[in-house]
Amino acid sequence: MSPSPDRHRTARFEACFLPHLDAAWNLARWLARSDADAEDALQESMLRALRYFDSFNGENPRVWLLAIVRNTTWTLIAKKPGQGVHESLDEDLHLLVDGGPTPEAIALVASDIAVLQSALDTLPAPLREIVVLRELEGFSYKEIATITSLKIGTVMSRLARARERLAAELVRSPLEVSP
Amino acid sequence: MNCHDALLVQAYLDDELDAAQSLEVARHVETCERCGTYYRRLEATRGAMSHPQLRYQAPAYLRASILPAAPRANAASRHRLPAWGLALAASFIALAAIGGFGLLRGTGTRQDAVVAEAISGHMRSMQLNHLIDVVSTDQHTVKPWFDGKLDFSPEVTDLVAEGFPLAGGRMDVLQGRSVAALVYRHRLHVVNLYQWPASGSTEPAATAADGYNAVSWTEGGMAYIAVSNVAPDTLDAFVAAFRGRNSLRNESKR
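For the record, the sequence lines run as chains G and Z.
So the first sequence is numbered by this note's numbering: it starts at 1 and just counts up by one.
So the second sequence is numbered by this note's numbering: it starts at 1 and just counts up by one.
Pulled out of the complex, with its shape left as it was, chain Z reads as follows:
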C-alpha cells in the first residue's frame, strides 16, 4: 500500500469521496489486509478523539463578556470580572431596577428592549449549555425548585397534552432582574417562557427578530415573554395553551 492509497482510505473514513470512489475503497478495505488494518486504526483513533470531554466548553464568565460591544449597559463593567464581581454588578443593577421601573410598564421602546433581551437570552440558553438548571417534566418538582431562589413563585404548568411538554426550568436575568425561565419542548424545538411579577394586564403581542418569535403579555400579576424558533402560529398556540391552563387553575383556587 502506498501513501496515495492511505489518503484515499482516510478520505473514505472522512466521507469525502463520491459514491463510486467510496464503493471502490469499501471493497478494497474488505479484501486488502493492510488497507483493512489501516482503516481500523484510523477508525479507532477517530473513536478516541470523539470523547465528548475533549472539546473545551467556553467558560460561563467568558460567554457573558466576550462579545466586544454587547448592547448591555453593564457590558464594560463586566468585562473580565471574576464571578463575585459579576454577582456584585448584578446586585447593583437589581437594586437599580427595583428602585427604577417595572419592566413592562414603561414605554414601547422599553418593551422592545426587554423582548430583544429575552430573545438573546433564548439564543444564549440554546448555545451555552445553560438551557435547564432543574431538569424535570413534573411541574410539582419545577415549581418548588424556584423557592428561595426568586422573590416570587412562578406559574408552572405542564402542557404535554397540548404538545408542549415541560422540560425544566432555570434562573435567568432580564434587564437586571432575576426571572424564572420555564423550558418547554415542541418536537425538536425549545420554547423559553420568562416570567416575573408585574402589575396590570396586557394582551399578547408578537415580535420577531433574528429568526426567533416572541410573544409577551401581562396578566394575573405576572409579566410573560415566550420565545422560540417555532412558527408564529405554533407559539400563539403555546401561549393560548399556557393562558388557558393557568386561568383554569387560578379559578379553581378561588
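The following block holds chain G by itself, in its conformation from the complex:
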C-alpha cells in the first residue's frame, strides 16, 4: 500500500501548520474569551485551512493560518447572542501624553498575571486583536494588516490606543499614587 495523494497532502498540511497551532489557539482564545468557543473556532479554522490549502502560496504559513483563525473566530462569535464584536470604536486618537509623570517616575504597577489578563480581556475586541497579534505573537504592522484586512495606519492607531488603555491600567507613577 503506497501512501495516497491525500495522505501526502495531509502530511504537507501538518508540516506547514502544526508548528503554528499554539499561535492559532492563542489568537482564537483571546478573541473568543472561552475555551469552548475557542475550540469550536479552531476546529472550524483548521477545516477551512485544509479546504483552501491548495490556494496557499507557501509564503508565511503563520500569517495565512491566523487570518483564517481571526475571521472564523469573529464569524463564530458574531452568531452568539449578546456578543458585541463590532463594538463601536472611536478611531480618533486621544493619547494621554501630556501632563503625565516624568520619565524617571514611570513604574509598572501590575505584574500579577490575573491583572494583566483582565486588562487585556476587557479591551474592546478591535483593539484586543491588535495587541495579541503584536505583543503576544510578535507580528509586524504589515503582517497584522494582512491578517486583519485593515490598513497599516489603522493598525498603528488602534495599537496606540490599545496601549494607552493598557498603560492607564497597568502603569503608574509614584506621583499618581501618592495623595
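Treat each hint with caution, since some may be false.
Unchecked claim - In silico negatives: residues of chain Z with every beta carbon more than 12 Å from chain G:
hint	residue
1	Asp138
2	Trp145
3	His186
4	Ala198
5	Trp217
6	Glu219
Unchecked claim - Under the rule of at most 25 Å between Cα atoms (straight-line distance), these lysine to aspartate or glutamate pairs were calculated in the DMTMM-like manner:
hint	chain 1	residue 1	chain 2	residue 2
7	G	Lys142	Z	Asp133
8	G	Lys80	G	Asp121
9	G	Lys151	Z	Asp14
10	G	Lys151	Z	Asp5
11	G	Lys142	Z	Glu43
12	G	Lys79	G	Asp35
13	G	Lys151	Z	Glu33
14	G	Lys151	Z	Glu251
To be verified - Footprint (simulated), chain Z over chain G, 3 or more residues, beta carbon under 8 Å:
hint	stretch
15	8-16
16	19-27
17	57-71
18	123-136
Hints were generated in silico from the structure; no laboratory data involved.
All C-beta atoms in this analysis are idealised placements derived from N, C-alpha and C, irrespective of residue type, glycine included.
Got chain G sorted already, so can you dock chain Z onto it with the hints?
Frame of chain G; chain Z shown alone:
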C-alpha cells in the same frame, strides 16, 4: 506632541522604522520630555504584555485531535474525546498492536509508516512543549524514570563526549505502542531517539521527509528510530556513537 509623533514613537518602539528615522526618533525621545514619557509608558506596557503566561497554550487533547484529516487510523475516534477516552482508545490500540504485529518486522510500507509517524512525533515534540518529561543529563536518572511506565527497560547512554549531550526522556506512542523517547541535543538541534523491544537485526536505514532525517535500525532486542533536523551525516554520526557506546556496554555486562 501631536498624534503623528506618537505613532512615530510607537513605530520606533516596534522597530518598524528605517535606520535614519530610527536614529531621529531616538534622539528626539532623549531630548523631548513628553515624547520620552510617552515612550517609557509604551515600553512599560510592552513589558507587561510580555508576561509568558499571557500566551495561551493549546490544550494537549486539542493538539491530538485538531488536525482535520490526520492520517492516524484512530483520529476520528479521538476527536474531542476527554482524556480518559483517549487513554481507553490508546489501550485498545495497544492491545491490537500486541496481538497483531511487531512494529518493525512487517513489510517495507509498514516500516515507512512507523518512520513517518516517528518524524511527525518528533515535529510534535518540538512544537508542543512536550519534548521532555524527565529533564536530566544523567543517564542514571533517566533510565530509572522509565521503570514502571514501560514494559521494557530502554537503553540510555549519554553521548556528551561525542557532541550529543543527553537532555532527558519522555514517553511517546508509535503505532499504538508505548515507546521510550530519549532526547539529545546537538548545538541548537534536538535528536529524538525512539526505542521499543523488537527481535531480529537490521542495519541502519536513512529516510528523509519534510526537512527531517530519520535513521532506523534493530539490534540487541530493540528497534530504534533517530529523528532530527540535523544534517544526514550528523545524524549518522549520532547513530554510530549510540551504537558504539551501547555495544561496549553490553560487552562489558557479559
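Status of each hint after checking the structure:
Distance check for Asp138/Z against chain G: the nearest CB is about 30 Å away, which clears 12 Å, and the non-interface claim stands. Taking the minimum C-beta to C-beta distance to chain G, about 26 Å, the non-interface status of Trp145/Z holds against the 12 Å cut. The Cβ of His186/Z lies farther than 12 Å from every Cβ of chain G, with a closest approach of about 20 Å, so its non-interface assignment holds. With 12 Å as the threshold on Cβ separation, the claim that Ala198/Z sits away from chain G holds: the shortest Cβ distance comes to roughly 21 Å.
Even its closest Cβ contact with chain G, about 22 Å, leaves Trp217/Z beyond 12 Å, as expected for a residue assigned away from the interface. Taking the minimum C-beta to C-beta distance to chain G, about 27 Å, the non-interface status of Glu219/Z holds against the 12 Å cut. This hinted pair does not check out: Lys142/G and Asp133/Z have alpha carbons roughly 39 Å apart, beyond 25 Å. Straight-line distance between C-alpha atoms of Lys80/G and Asp121/G comes to about 18 Å, which keeps the hinted pair within the 25 Å bound.
Taking the CA atoms of Lys151/G and Asp14/Z, the gap is near 17 Å; set against the 25 Å cutoff, the hint holds. Between the alpha carbons of Lys151/G and Asp5/Z the distance comes to roughly 19 Å, so the proposed pair stays at or under 25 Å and holds. Between Lys142/G and Glu43/Z the alpha-carbon distance is near 21 Å, which keeps this suggested pair within the 25 Å criterion. Our distance criterion of 25 Å between C-alpha atoms is met by Lys79/G and Asp35/G, whose separation comes to about 17 Å.
Our distance criterion of 25 Å between C-alpha atoms is broken by Lys151/G and Glu33/Z, whose separation comes to about 30 Å. This hinted pair does not check out: Lys151/G and Glu251/Z have alpha carbons roughly 69 Å apart, beyond 25 Å. Figure legend: the stretch 8-16 of chain G, annotated as covered by chain Z; annotation consistent (6 residues with Cβ-Cβ distances under 8 Å, at least 3 required). Chain Z is given as covering the stretch 19-27 of chain G, and this holds because 6 residues of the stretch bring a CB closer than 8 Å to a CB of that chain, at least three being needed.
For the stretch 57-71 of chain G, the stated coverage by chain Z is not satisfied: 0 residues place a CB nearer than 8 Å to a CB of that chain, which falls below the threshold of 3. Check result for the stretch 123-136 of chain G against chain Z: holds, 4 residues qualifying (beta carbon to beta carbon below 8 Å, three or more required).
Hint compliance for this structure: hints 7, 13, 14 and 17 are not met, and every other hint is.
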